[in-house]
Amino acid sequence: MKQSLRTKGAHIRFDQQKVLYLTGEENYSHIHLTNGEVILMSRTLKWFEKRWPSFVRVHKHTLINPQHAFRVKRAARLTLPSYLVMRDQTQLLISRRRVTRVIAQLSFMPEIGYERQPYLFQADAGKRILIPGAPKTNSYRDAGQIRH
3 MKQSLRTKGA HIRFDQQKVL YLTGEENYSH IHLTNGEVIL MSRTLKWFEK RWPSFVRVHK
63 HTLINPQHAF RVKRAARLTL PSYLVMRDQT QLLISRRRVT RVIAQLSFMP EIGYERQPYL
123 FQADAGKRIL IPGAPKTNSY RDAGQIRH
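Residue numbers (the working numbering): 3 to 150.
Keep in mind the hints are simulated off the structure, nothing from the lab. Hints should not be assumed to be uniformly reliable.
Said to hold, decoys possible - Listed next, with one range per pair, are the computed distances between beta-carbon atoms:
hint	residue 1	residue 2	range
1	Gly38	Arg79	33 to 39 angstroms
2	Ile105	Gly11	40 to 46 angstroms
3	Thr36	Arg79	31 to 37 angstroms
4	Arg98	Leu42	24 to 30 angstroms
5	Phe72	Arg103	15 to 21 angstroms
6	Ile41	Gln69	16 to 22 angstroms
7	Ala12	Lys52	22 to 28 angstroms
8	Lys62	Gly38	23 to 29 angstroms
9	Glu27	Thr102	23 to 29 angstroms
10	Lys20	Thr81	31 to 37 angstroms
11	Thr102	Ser56	15 to 21 angstroms
12	Arg79	Ile41	35 to 41 angstroms
13	Lys52	Glu27	14 to 20 angstroms
All figures in this text were calculated on a predicted structure; none of them were measured in a lab. Virtual Cβ for every residue (Gly too), placed ideally from N, Cα, C.
Starting from the given sequences, assemble the full structure and let the hints guide the process.
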């Protein structure tokens, strides 16, 4: 469906299906299109969320078009970040309080993948920290860090 939105002194027409996602910055929104173009609008994400009900809010600053979502990378722990990977391989942060809701909203789309991110414990100045993207282990030796 073609949309006509007014920007600084001009009307821009584009297909709503060509929108990958929107990012918000105070009272402005950046509309990211499939062709790589970014349109700056003087509207809030809340304004777009009301007018485009099929779009999903994944973060305070991000609204996505679920048709372009590719995979959810959920963290092993709720306190760690989870990401939504779009079809153009852009990774968007999902707020920890919205993770389960986002997964539920996208679960009706079977083509969207879902994976848990493994985390690795690594010694750093005598403390354990979590490193994304590595096999889970509790041993300093297995993590490649030998504690002296």
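For each hint, the structure was consulted:
no. : hint                                 : result
1   : Gly38 <-> Arg79: 33 to 39 angstroms  : 34 angstroms, holds
2   : Ile105 <-> Gly11: 40 to 46 angstroms : 41 angstroms, holds
3   : Thr36 <-> Arg79: 31 to 37 angstroms  : 33 angstroms, holds
4   : Arg98 <-> Leu42: 24 to 30 angstroms  : 29 angstroms, holds
5   : Phe72 <-> Arg103: 15 to 21 angstroms : 19 angstroms, holds
6   : Ile41 <-> Gln69: 16 to 22 angstroms  : 18 angstroms, holds
7   : Ala12 <-> Lys52: 22 to 28 angstroms  : 23 angstroms, holds
8   : Lys62 <-> Gly38: 23 to 29 angstroms  : 25 angstroms, holds
9   : Glu27 <-> Thr102: 23 to 29 angstroms : 26 angstroms, holds
10  : Lys20 <-> Thr81: 31 to 37 angstroms  : 36 angstroms, holds
11  : Thr102 <-> Ser56: 15 to 21 angstroms : 20 angstroms, holds
12  : Arg79 <-> Ile41: 35 to 41 angstroms  : 37 angstroms, holds
13  : Lys52 <-> Glu27: 14 to 20 angstroms  : 19 angstroms, holds
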